[in-house]
Amino acid sequence: MSAAILAGVLVAGGVYLILQRGLIRMALGLILLGHAANVVLLASGGLYRREASVIEQIAAVRAAADPLPQAFVLTAIVITFGVTVYLVALAGSGSGDDTEEST
Amino acid sequence: MVLLIVFLGLAATAAAAPLLASWLGRAAGWPLAGAFAALTAIAATQVPDVLAGRPTEFAWAWIPSVDAAFRLRLDGIGLLFTMLVLGIGALIMAYCARYFAPESSQSRFYTLMGIFAVAMLGLVLADDLLLLFVFWELTSICSFFLIGGAGDKAVRPAMRALVLTAGGGLALLAAVALVSVHAGTTRLSAILADLSWAGDGWVGPAVALLVIIAATTKSAQVPFHFWLPGAMAASTPVSAYLHAAAMVKAGIYLLMRFTPAFHDLVMWNAILVTAGLATAIYGALLAFRQNDLKSLAAYSTVSQLGYLVAIIGVGTEYALAAAAVHTLAHALFKATLFMMVGVIDHQAGTRDLRRLGGLRAAMPVSAVVTGVAALSTAGIPPLLGFYSKEKIFAGFVDAGGPAWAGPVFGVLAVVAAVLTFGYSARFWFGVFGGPLSERTDVREASAAYLLSPAVTGTAGVVLGFGVATLAPYASRVVADAGFPGHEVDIHLVPTGLTIDVVMSLVAIALGIALHLGRGRVDAVLDRVRAPFTGDGVFDRLLDGSIRAGHGTGGLTRTFSPAAHLPAAIVLLGALAVAALWGGTPVAPPMDGLTRPSDWLVVACVAVGVLAAAVVTSRIAAVVLLGVVGALMGIWFLLLGAVDVALTQLVVEVLTVVVMVLVLRRLPLRFHPTGVARRGLAAVLALGAGALTAVGTLALTNRRELSAVSEWLMTNSYEETGGVNVVNTILVDFRALDTLGEVTVVGLAALGIVALLDTTRLTGIPPSEFSLGTGPEENVDDNAIVVRTVARIMAPAIVLLSLYMLFRGHNDHGGGFIGALVAGAGLALAHVAAANPRKSPIRALPYVPIIAGGLMIALVTGLLGYLDGGFLRPLHLDVGSLHLSSAVVFDVGVYLIVVGAVIAALHRMSIAPLLERDTMAHTPKEERPPDDEDEDTESPMVAATSGGRDAEEGEL
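These protein sequences, in sequence, are chains W and Z.
Read in UniProt numbering, the first sequence has 68 at position 68, and its numbers run on one by one without any break.
Read in UniProt numbering, the second sequence has 877 at position 877, and its numbers run on one by one without any break.
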């Protein structure tokens, strides 16, 4: 339930922001959408197992969180960072809504 | 094995062509001709076997799972075309050695001709449909470059040739797919030996039609004929090869090859005979009207190909023998004619018939060579062209089918032959006959120049006299092309005054009449003008389709990304609603999903997101996003995703740093958005959010651990020696994914570098610092605390990052996290520096770091081949210490991500172009004389902030 609400809130914020003017707000919106995707990915692994998945003994498997979505999410975060930085560079280098004072 | 030697030999020749051409210039033609000739001789060693019905084969596994292999096979049909590709190729290479200007560089030409020959040879030897298709397309591409290489005027013709032949290639691809699916193999000889797939309802006719489209576009049949005359924009040796032995002969080859499957299919016969005869007559008529010798020869090719297509369409044993012999005859006389066009053009300075004439005395050898080829074209005994055409007549007369077919085909074939005689005569008499034209200083070409056309011309004579020796070859082709298992015996020498001999004589007689009365015929023809040309129609269609595509794209072409997004969001939402409407049975949710602490995070995130959506200050929005990101980190921690939480927290720090670096150049506030737009955005946002929540609720948390994850967790230690399963997934189990992902990150960084190299960051000064004279103005003093801290902390953080990198296999950490931590340390050092040009990270070569990281990752991956596969980690136990090459791979990941972070920090702070622009183009904005550091990126800073320190300060 909490994951669903969280993802919903993040998507709502993200969609609202990407529909505004200017690349900066789009970048911020994309960050929120990225968070939402990460939440959904982790939720797909199941939220009822919440121990760190460092498996020293096989017995630990029972309680450990699903590591596969974690691996996906970890790289997704880094890629989102790369994309965000690129968008920000675009926003900062062009001319348009982002770089001109509003009048 | 011989086939492999010939094929690889030709490939090696093509590979050597650029070197030879750069050493020898145009004379590279001689060694290349030698190589072609040697390969011809090697291939000829297989003649006895082929004639005895034992095709030479070679196979090398390629894609075993779909039974595709690099299969070569030399049978009768293959032999005929192989000899043309190699033999005519050798002569044309020799011709090139004299054709081009002495000092010109012909690297590109010789290379392309070499590849072209390889493609043609591969095409006629391929015994695998996929291979056949690949080489088929390669010939189209090579001819595109060869035609297009002739300069601007050749661009359009080259385009036409490519679009048409590549379109035909698509038809061939469809045919290949259909046949291989229905026959269950891609092996051509097996497919043609067992024709059960062709009897399978619509499949046979569909494949036949597709093959016809492919062959008629390639072989320039009406209505696709027009690309070929346009292709003569290419240099003459290209045209000679293209028309005589390669490219257009590929269509003929394909038709012959598929004859066994379709020769008794009425549609096949009807379409090929109709298109072929129409092309034969139309092409001959147009050839007759040309004044440009090269155009004349080009339309002559169209016409002769029409003959070949029609006679293959007849599909009887006799017709196929005629097709085989005429293919050879045409190759010989057309190669001669084209090469002689080049010689005449070179010696007389023009190839316009209206300005040529009377050269028989000045160029006696040329006159004889050209004459022999023209006689062969016209079908005069005892040249090879006479016999082959006579066989064609006979093939048409005995076509079978309805009673009217034979006579009608025969008459049409004679009409084409009369016109052929007419243009052949026009060619020779126009150049060598009649009174001497304006030029009187024309001399005979050198012996070396005339060598190749003389050989092909002579071959037409010799084979004409010795036509009987061709019988076993023709028989073999017939046996391979339609009647496997049958040995047919074909006598090429006419046995008496049969109907076909009479037809030949009638054609010659009418041809002479046409030549004598050509003045009147020309007058009539001049009044007839086609209402449209193939070129014109094609260009209109092409331009129209481009305009239509442009118009379609225009519907969504806008500079505002936000204009595209509502449609996508609404459609996605509609899909979700439809799925909900339909209803999907879901398992009951698991227990213990939510804990009270979760709700705290959710509530804080909701407040943060709401605030970020409504604030108008950019900096506030970024800070709020940072807060949300940090909360996400806490959420991940609550879920036990420690590595993810670490990543998230550090990324959030770096994102805020990079954003602020750019934001301080931008206006303080966002542009306001209209109420209507905000309203629409809010509605869409709430809808999307609600659907996401419902979807997530319905589709997650309803099953046990997946089998994959279970396996990964139980086997992580045994398989990889690592216990941090997330990290072992990243660098070991799913290392290929990681490699792709870090490549994306590296490319994003390089994209930023490229972007900011070509444009520049906007130069609006940080306006926060532009007022007052208080202590906050003095950035240098202001940053003293952070700088002092950074001096100690930054190196410590970077060291810590190395620790996190190397322990990643066994505890929280790894390449990604380590790199981000290092990035955070470097960012601290960077922002603490009073001036980005004095920043400690300024000297770090981020591009080499990224490239080096990628190399390390790739080399580690390649080392994996030592133990079975790409990216398979190698393990080494030294005492109790377990070493895995996955850690080395992780080092590569680390370097790429660190490099990306440095690139972002560096490029977002410094705009090198701006500095150069300032220095080079706006001298009035000179650097202050006391400026010891190089920070001149924004002279306006000094003007507005009133102090050197503020100017240097980057934060």
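I should point out that these hints are in silico values taken from the structure, not numbers from a laboratory.
C-beta atoms are modelled at their ideal positions from N, C-alpha and C, and glycine is treated no differently.
Be a bit skeptical, because a hint or two may be false.
Unchecked claim - Restraint-style ranges between C-beta atoms, simulated for each label pair:
1. E56/W to L680/Z: 29 to 37 Å
2. E56/W to D737/Z: 44 to 52 Å
3. D867/Z to E56/W: 55 to 63 Å
4. A177/Z to E56/W: 47 to 55 Å
5. G201/Z to M1/W: 51 to 59 Å
6. G879/Z to E56/W: 54 to 62 Å
7. M1/W to E719/Z: 53 to 61 Å
8. W60/Z to E56/W: 33 to 41 Å
9. M1/W to L680/Z: 23 to 31 Å
10. E56/W to L555/Z: 54 to 62 Å
11. M1/W to R669/Z: 34 to 42 Å
12. E56/W to P795/Z: 30 to 38 Å
What the hints assert, rightly or not - A few chain Z residues facing chain W, derived, Cβ under 7 Å:
13. D152
14. G167
15. V586
16. M590
17. T594
18. G640
19. A641
20. A688
21. A693
Evaluation of the provided hints:
1. E56/W to L680/Z: 29 to 37 Å: Violated, at about 53 Å.
2. E56/W to D737/Z: 44 to 52 Å: For E56/W and D737/Z the Cβ distance comes to about 26 Å; the hint is violated.
3. D867/Z to E56/W: 55 to 63 Å: With Cβ atoms ~26 Å apart, the hint is violated.
4. A177/Z to E56/W: 47 to 55 Å: Cβ of A177/Z to Cβ of E56/W: about 53 Å, so the range 47 to 55 Å holds.
5. G201/Z to M1/W: 51 to 59 Å: holds, 57 Å
6. G879/Z to E56/W: 54 to 62 Å: violated, 21 Å
7. M1/W to E719/Z: 53 to 61 Å: Given range 53 to 61 Å: violated, Cβ gap about 36 Å.
8. W60/Z to E56/W: 33 to 41 Å: violated, 50 Å
9. M1/W to L680/Z: 23 to 31 Å: Holds: the Cβ-Cβ distance is about 29 Å, inside 23 to 31 Å.
10. E56/W to L555/Z: 54 to 62 Å: holds, 59 Å
11. M1/W to R669/Z: 34 to 42 Å: At 37 Å between Cβs, range holds.
12. E56/W to P795/Z: 30 to 38 Å: With Cβ atoms ~32 Å apart, the hint holds.
13. D152: violated, 35 Å
14. G167: violated, 38 Å
15. V586: Where the cut-off is 7 Å and the nearest Cβ of chain W is about 13 Å from V586/Z, the hint is violated.
16. M590: Where the cut-off is 7 Å and the nearest Cβ of chain W is about 5 Å from M590/Z, the hint holds.
17. T594: holds, 5 Å
18. G640: Nearest chain W Cβ about 4 Å off; hint holds.
19. A641: Because about 5 Å separates A641/Z from the closest Cβ in chain W, which is inside the 7 Å limit, the hint holds.
20. A688: holds, 5 Å
21. A693: Status holds, d = 3 Å.
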